[in-house]
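> Listed here are the chains, written in short residue letters.
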Amino acid sequence: MMKVNVVKNVLKANDIVANENRKIFNKAKVLALNIISSPGSGKTTLLEKTIPALKEQKSIVIVGDLQTTRDADRVSGIALRAVQINTGMSCHLYANQVSESLKDLAIDEADYVFIENVGNLVCPGEFDLGENLKVVLLSVPEGDDKVAKYPTTFRVADIVLLTKSDLLGILDFDIKKVKDDIAKLNANVTFLEISSKTSAGMDEWIFWLKEKRSQSVGQQARFVTEE
Amino acid sequence: MHELSIVISLMDQIEDVARVNKLVKIDEIQLETGVLRQVIPEVMQEAFESVKLNTICENAVLTILEVPALVVCNKCKSQFEPAIDDFLCKNCNLADVKTLKGNEIILKAIIGDK
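Protein chains in written order, with the numbering used here: chain U, 5 to 231; chain V, 443 to 556.
To be clear, the hints were calculated from the coordinates, so they are not data collected in a lab.
Incorrect hints may appear among the rest.
Said to hold, decoys possible - Pairs of lysine to aspartate or glutamate residues, derived as EDC-like cross-links and limited to a Cα-Cα distance of at most 20 Å, are as follows: (1) 16(U) to 546(V); (2) 31(U) to 146(U); (3) 12(U) to 523(V); (4) 7(U) to 555(V); (5) 183(U) to 162(U); (6) 214(U) to 19(U); (7) 181(U) to 215(U); (8) 543(V) to 19(U); (9) 181(U) to 474(V); (10) 7(U) to 528(V); (11) 59(U) to 113(U).
Note that the coordinates shown come from a computational prediction; the quantities given were computed from them, not determined experimentally.
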């Protein structure tokens, strides 16, 4: 019998591909966003509103679902390109699925890459895809206890969007509880209330996206100059 | 369900290590999982049982060691073990931390036969 000490990061293969993706995104001067939420919280509807609101800035959408091309079909008319990844049995996207998709996309012509992950509040937060930022959606009908129930996903978010905010007066939902739960996890998370139906909060969301993109591209430009 | 993804990556690494060290049979795999990764040991064991069939790990035992979380406050630099839903620094009453431990999924060692 023989013992071999290894000490290897088990997810290294995914992380290597994720870092390659990040380099591709930075080189193409796009802001890549990993969009995470439960099924039905309004990820695709938000993209349907967001992409036209970005006006001259162009978006590519990569959508992960277990089955069907329905989500990609919904945004294919408004996005520069839209591609669907069917994950089959997998409840999250892997970096190499994104990397394969990037080969067919005119990423240099885009300003944003929205990666709509498989609807799930547990696993997607665990797998780096090479994105610049993580966007986590929580919809009002899901209830105000979700941050406390799925803390690890909300903790790694850069922004939490409270979607379907038009239902706030109709359903019992304690926003303060949600904000307090987020504050206990990460003080650096931006929180926005948004409604794709009434467009409330849409201007702030678009402003946030544009600001993050210019910061990201600016950092990249500095990095290239320093090299 | 991410336990299955982790086990599949783990199997790839075990096969690499076994090839390099000329191991033909694996008896034990020692794995460290950080609590922040939300790995459920029982689910991981179940995933391992289904993936190990007809591989060199067929008769192997998976030993999972959970690693507690450790973070450092970015403001006052104090280190503490957070609860999974509470990363507030007790001194600063602010959750602005860097994670030092608890995010790892590490293959520590393999015990096998040549």
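> Take the hints in turn and mark each one as holding or not.
Structure-based check of all given hints:
1. 16(U) to 546(V): holds, 11 Å
2. 31(U) to 146(U): violated, 38 Å
3. 12(U) to 523(V): Given that 20 Å is the threshold and the Cα spacing comes to 24 Å, the pair is violated.
4. 7(U) to 555(V): Distance ~9 Å between residue 7(U) and residue 555(V) Cα, so the pair holds.
5. 183(U) to 162(U): holds, 14 Å
6. 214(U) to 19(U): violated, 27 Å
7. 181(U) to 215(U): This hinted pair is violated, its Cα atoms lying about 28 Å apart.
8. 543(V) to 19(U): holds, 18 Å
9. 181(U) to 474(V): violated, 34 Å
10. 7(U) to 528(V): violated, 38 Å
11. 59(U) to 113(U): Holds, at about 14 Å.
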